[in-house]
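There are 2 protein chains.
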Amino acid sequence: MYIVLVYDVSQEDHGTKRWSKIFKTCKRYLTHIQNSVFEGEISRAQLASLQQELKQYIDPELDSVILFKSRQEKWMDKEFWGRKDDLTSFIL
Amino acid sequence: MYIVLVYDVSQEDHGTKRWSKIFKTCKRYLTHIQNSVFEGEISRAQLASLQQELKQYIDPELDSVILFKSRQEKWMDKEFWGRKDDLTSFIL
Numbered sequence: 001m002y003i004v005l006v007y008d009v010s011q012e013d014h015g016t017k018r019w020s021k022i023f024k025t026c027k028r029y030l031t032h033i034q035n036s037v038f039e040g041e042i043s044r045a046q047l048a049s050l051q052q053e054l055k056q057y058i059d060p061e062l063d064s065v066i067l068f069k070s071r072q073e074k075w076m077d078k079e080f081w082g083r084k085d086d087l088t089s090f091i092l
Numbered sequence: 001m002y003i004v005l006v007y008d009v010s011q012e013d014h015g016t017k018r019w020s021k022i023f024k025t026c027k028r029y030l031t032h033i034q035n036s037v038f039e040g041e042i043s044r045a046q047l048a049s050l051q052q053e054l055k056q057y058i059d060p061e062l063d064s065v066i067l068f069k070s071r072q073e074k075w076m077d078k079e080f081w082g083r084k085d086d087l088t089s090f091i092l
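Just so you know, the sequences run in chain order G and W. First residue of the first sequence: 1, per this note's numbering; consecutive thereafter. First residue of the second sequence: 1, per this note's numbering; consecutive thereafter.
So here's chain G without its partners, still in its complex pose:
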């Protein structure tokens, strides 16, 4: 399946550390395309594994992760307005 994952990590309670862990974990499964946005092809098993790993870092009261899942990439057209490459992708 093809997914888009977006997260919003609160700055409260060591948020920067959580953000970085979530970022690095997502980067191992998906392609980073914008600040807190990842996309990519992923199997059910990999998605379950990603969810388990992220559960360690996500504060369910403070942080939000949303997934948009589509059976195939071709069912989701992508369009860019403005800057295309992501400036943060080389930092971490």
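In case anyone wonders, no lab produced these hints; they're calculated from the structure. Possibly wrong hints are sitting among the right ones.
[Unchecked claim] Every beta carbon over 10 Å from chain G, so not counted as near; a handful from chain W, in silico:
| hint | residue |
| --- | --- |
| 1 | V6 |
| 2 | H14 |
| 3 | S20 |
| 4 | K21 |
| 5 | F23 |
| 6 | T25 |
| 7 | R28 |
| 8 | T31 |
| 9 | R44 |
| 10 | P60 |
| 11 | D63 |
| 12 | S70 |
[Stated by the list, open to error] Pairs of lysine-lysine, DSSO-like flavour, derived with a Cα cap of 30 Å:
| hint | chain 1 | residue 1 | chain 2 | residue 2 |
| --- | --- | --- | --- | --- |
| 13 | W | K24 | G | K84 |
| 14 | G | K69 | W | K24 |
| 15 | G | K78 | W | K55 |
| 16 | W | K69 | W | K24 |
[Unchecked claim] Okay, the calculated beta carbon distance ranges per label pair:
| hint | chain 1 | residue 1 | chain 2 | residue 2 | range |
| --- | --- | --- | --- | --- | --- |
| 17 | G | R28 | W | K17 | 30 to 40 Å |
| 18 | W | K17 | G | K21 | 15 to 25 Å |
| 19 | W | K27 | G | D59 | 37 to 47 Å |
| 20 | G | E61 | W | R44 | 33 to 43 Å |
| 21 | W | Q46 | G | K21 | 35 to 45 Å |
None of these values were measured; they are calculated from a predicted model. Each residue gets a CB set at the ideal place from its N, CA and C atoms; glycine is no exception.
Dock chain W against the given chain G, drawing on the hints supplied.
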């Protein structure tokens, strides 16, 4: 068509002002679901109108807007991990 719109506005060069304008503009067309993420059903004409309006505020060198377009909402399953409601939606 059904779209998910995510934006990343640089803090440089009055970024906060641009962020707020982009946020308020998107809110008139779509549903706000997370920090810089909107979704909703939209016609081609409305999307063209949204794009025209946002063009006034987006700095093409600094800011990134990505749209994921699907012909129908049912082709995109949505899943939440962590916090569901968005804390910022009542601020602006």
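Here's how the hints hold up against the structure:
{"no.": "1", "hint": "V6", "result": "5 Å, violated"}
{"no.": "2", "hint": "H14", "result": "15 Å, holds"}
{"no.": "3", "hint": "S20", "result": "16 Å, holds"}
{"no.": "4", "hint": "K21", "result": "13 Å, holds"}
{"no.": "5", "hint": "F23", "result": "13 Å, holds"}
{"no.": "6", "hint": "T25", "result": "12 Å, holds"}
{"no.": "7", "hint": "R28", "result": "17 Å, holds"}
{"no.": "8", "hint": "T31", "result": "12 Å, holds"}
{"no.": "9", "hint": "R44", "result": "12 Å, holds"}
{"no.": "10", "hint": "P60", "result": "5 Å, violated"}
{"no.": "11", "hint": "D63", "result": "5 Å, violated"}
{"no.": "12", "hint": "S70", "result": "5 Å, violated"}
{"no.": "13", "hint": "K24/W / K84/G", "result": "22 Å, holds"}
{"no.": "14", "hint": "K69/G / K24/W", "result": "27 Å, holds"}
{"no.": "15", "hint": "K78/G / K55/W", "result": "18 Å, holds"}
{"no.": "16", "hint": "K69/W / K24/W", "result": "21 Å, holds"}
{"no.": "17", "hint": "R28/G / K17/W: 30 to 40 Å", "result": "36 Å, holds"}
{"no.": "18", "hint": "K17/W / K21/G: 15 to 25 Å", "result": "32 Å, violated"}
{"no.": "19", "hint": "K27/W / D59/G: 37 to 47 Å", "result": "26 Å, violated"}
{"no.": "20", "hint": "E61/G / R44/W: 33 to 43 Å", "result": "40 Å, holds"}
{"no.": "21", "hint": "Q46/W / K21/G: 35 to 45 Å", "result": "38 Å, holds"}
Going through the hint list in order, the structure does not satisfy hints 1, 10, 11, 12, 18, 19.
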